[in-house]
Amino acid sequence: MIDKTGSEGFVSFDHVQKSYDGENLVVKDLNLEIAKGEFLTMLGPSGSGKTTCLMMLAGFETATHGDIRLGGVSINNIPPHKRGIGMVFQNYALFPHMTVAENLSFPLEVRKIGKSEREAKVQRALDMVQMGEFGGRRPAQLSGGQQQRVALARALVFEAELVLMDEPLGALDKQLREHMQFEIKRIADNLGITVVYVTHDQTEALTMSDRVAVFDDGRIQQLAPPDQLYEEPMSSFVAQFIGENNALDGVVQSIDNGVALVKLATGDLIDANPINVSKVGEKTRVSIRPERVEFDMNRLAEGSHTLKAEVLEFVYMGDTFRTRLRVADNDEFIVKTRNAPDQVRLQPGAVVDIGWMPSDCRALDA
Amino acid sequence: MRNDPANQEPTGPVLAADGTPLKKSLSRALRRQKMRALLLIAPLLAFVFITFVIPIASMLFRSVENDIVANTLPETVVAIASWDGTTGELPDEEVYAAFARDMIAAVAEKKHTRLGSRLNYELSGISSMFRQSGRKMKRWDPVEDAPFKEKLIDLHDGWGDVSTWAIIQTYSAPYTSGYFLTAIDMQLTPEGVTMQPEDKRILIRLFWRTLVMSLVITGSCILLGYPVAWLLANLPASKANLLMILVLLPFWTSLLVRTSAWKVMLQQQGVINDVLVWAGLVADDARLIMINNQFGTILAMTHILLPFMILPMYSVMQTIQPSYLRAAKSLGATNWTAFWRVYFPQSVPGIGAGSILVFILSIGYYITPEIVGGTKGVFISNRIAYHISSSLNWGLAAALGTILLAVVLLLYWAYDRIVGIDNVKLGG
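Residue numbers (the UniProt record's numbering), protein chains in the order written: chain E, 1 to 366; chain V, 1 to 428.
Derived by calculation from the structure, the hints in this document are not laboratory data.
We treat Cβ as the ideally placed atom computed from N, Cα and C, and that holds for glycine.
Fair warning: there could be bad hints in the mix.
Residues from chain E that face chain V, not an exhaustive set, calculated with beta carbons under 8 Å [what the hints assert, rightly or not]:
(1) Asn77
(2) Phe95
(3) Thr99
Okay, the calculated bits of chain V under chain E, using three or more residues with CB under 8 Å as the criterion [as the list claims (entries may be wrong)]:
(4) 323-330
(5) 336-348
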């Protein structure tokens with residue numbers, strides 16, 4: 001799924017491996033091309049190797065094998081301070097003994113930039129994150145969101161072309177986090193910088209990124225734009241990790257015309273889109289998004305397979321209804337429906353028929 | 001507008017529901033808690049009061065206390081008040097008679113020798129004068145043996161000396177600044193306050209030496225301790241624990257043993273000299289003198305006080321997240337710049353805490369200078385110990401101690417003004 005633009009990317013990982021103890025690989029054979037101006041997110045559970053990749057790019061960890069290139073030049077042997085990569089840390093790492101302005105001035109001072117130019121750049125960077133008034137404050141006198149903005153400004157003030165962000169929004173509350181997501185995205189787009197963003201929050205990854213690399217077990221499981229990642233997960237792990245997902249285990253009964261017939265443990269038959277299965281008799285896990293489940297049988301194609309489902313719980317969530325069902329012995333089957341005047345509100349205990357378009361139901365690896 | 005009564009009197013005190021002022025009601029509610037807390041710390045308070053506040057107060061008092069003259073010679077003190085010693089004439093018979101009556105009474109109570117020792121601090125020889133005269137005056141009668149002037153001068157030449165009476169007159173007040181003046185190499189004479197004779201001025205020099213050597217010790221502790229503390233804070237836990245044990249190891253051995261070990265190492269026939277001679281670096285007849293001088297004291301005390309520097313530094317450095325250094329490097333700083341501009345300023349509170357601890361400990365140190373300091377490497381505390389246990393001049397010892405206390409407080413104040421005591425952290 002790598003977006004091959006013909007030439008080599010701005011940042012490239014070439015067969016990169018990393019081991020800390022000489023026994024286990026934390027990063028296993030990573031190949032990744034990041035285009036100039038791209039916003040790429042490394043998403044994955046903790047221990048999946050995403051932060052290690054970021055640290056190797058920043059220069060704080062060395063790759064045990066392989067090559068990391070920036071603008072076509074191998075940077076394996078370039079120390080971090082000469083790479084010119086901006087970085088936003090998880091806990092912001094604002095120097096507590098310096099004021100906000102001094103913090104921003106620091107990268108310019110070590111680059112021996114003159115005082116007047118320095119002050120102008122600092123002010124411009126602070127204005128960009130709407131912190132122009134706060135230059136004289138100490139980091140401890142700022143709120144979490146304000147510190148976040150300052151950290152961002154500090155990573156941008158020396159005009160780095162590549163900015164790395166290591167879970168920068170992890171410490172903020174939900175509302176602020178959502179606000180900052182758009183803010184960071186807007187600034188990155190305006191400046192045209194390349195951003196590599198590490199997070200374990202999939203909403204963050206989906207809303208901000210041009211492309212998302214889903215990490216698990218030291219490998220990229222899928223690299224795709226957010227919509228593709230959500231709607232066309234290529235493995236059970238990605239399907240489970242991104243968004244909410246319903247999974248049903250079964251065995252492939254037949255594959256015909258691009259539609260797989262899957263027999264569930266209960267004996268029920270369903271139609272699915274064969275993604276990771278090719279042979280009859282193969283074990284599979286089918287996955288279906290909660291909002292793609294249909295109650296209205298008239299909207300399904302002729303001859304579609306349907307299932308009996310018992311309503312266990314109905315939760316009113318304002319804009320949506322969330323219904324928990326028992327489907328083929330799975331008690332955690334979730335269906336989300338839009339709150340509309342004609343939408344039915346199912347009562348616990350009711351038994352209904354559910355179905356879906358075969359294309360929305362993906363037969364993945366078991 | 002609202003008709004709520006509480007809003008009609010915005011200027012009055014806030015009232016509780018029952019009409020009493022809220023402050024009063026709150027303090028009543030808290031009183032029980034406060035009493036209980038006080039009761040819990042009462043044993044500690046009592047302990048601190050008895051073992052700390054009272055001894056220090058009594059020391060401060062002893063450094064100016066001088067009622068022994070007025071108590072032992074009550075009539076003499078009154079009679080001699082009008083005498084003018086500067087004329088060079090002896091006091092008249094009235095003073096001698098008063099003195100004789102006081103002495104006869106004092107001899108009966110055996111108080112005269114103590115007075116003699118006290119005045120001996122100011123005029124040497126006066127102690128034996130009191131003792132000898134006392135023996136003979138025991139048989140005198142205060143009425144029948146009058147007049148006394150001639151008899152006393154016969155008894156001992158000293159009673160015919162103006163300076164004897166001048167000393168008694170000078171020290172007849174119940175409080176004196178004499179001890180403090182002695183402590184700073186001055187003296188209280190009948191002519192007023194003067195400097196001690198040149199050859200007796202040792203205490204100011206000793207104070208100065210104590211300060212300078214303590215500063216040198218503190219400085220060497222910073223230089224030696226900083227890298228160790230940094231290692232402790234940055235090594236992986238298992239190695240850091242081992243290192244920590246090594247740092248704390250000296251605490252498991254007695255101070256006396258450690259100091260004596262330095263004696264074995266440093267003396268002219270000691271381990272270091274032997275090795276240097278063996279290696280041919282030093283000639284056998286030119287062995288280095290490393291002990292019984294300032295070098296020995298500084299070396300041994302730096303070793304002994306080092307943990308007190310390392311521990312506060314370590315606990316502060318532990319709180320400095322490694323991401324600060326990473327951030328600095330990612331912003332383009334070299335290792336040195338990152339350390340000097342980002343790490344070091346954040347570790348200053350630890351250096352401050354360690355320095356205060358080491359400096360205050362060393363300024364009052366006694367055992368180590370006593371053992372390895374010889375005559376040139378001793379501290380003011382050794383002089384205080386001498387006056388407490390050998391010369392028994394407790395007043396002077398108290399005055400020296402008080403000055404030491406004042407110097408420490410002054411330096412603490414100065415530190416607060418320059419660095420700020422808020423900048424001192426022992427951790428977290």
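**OP:** Could you tell me which of the numbered hints above are not met by this structure, giving the numbers in increasing order?
**Re:** Violated hints (numbers, rising): 1, 3; every other hint is consistent with the structure.
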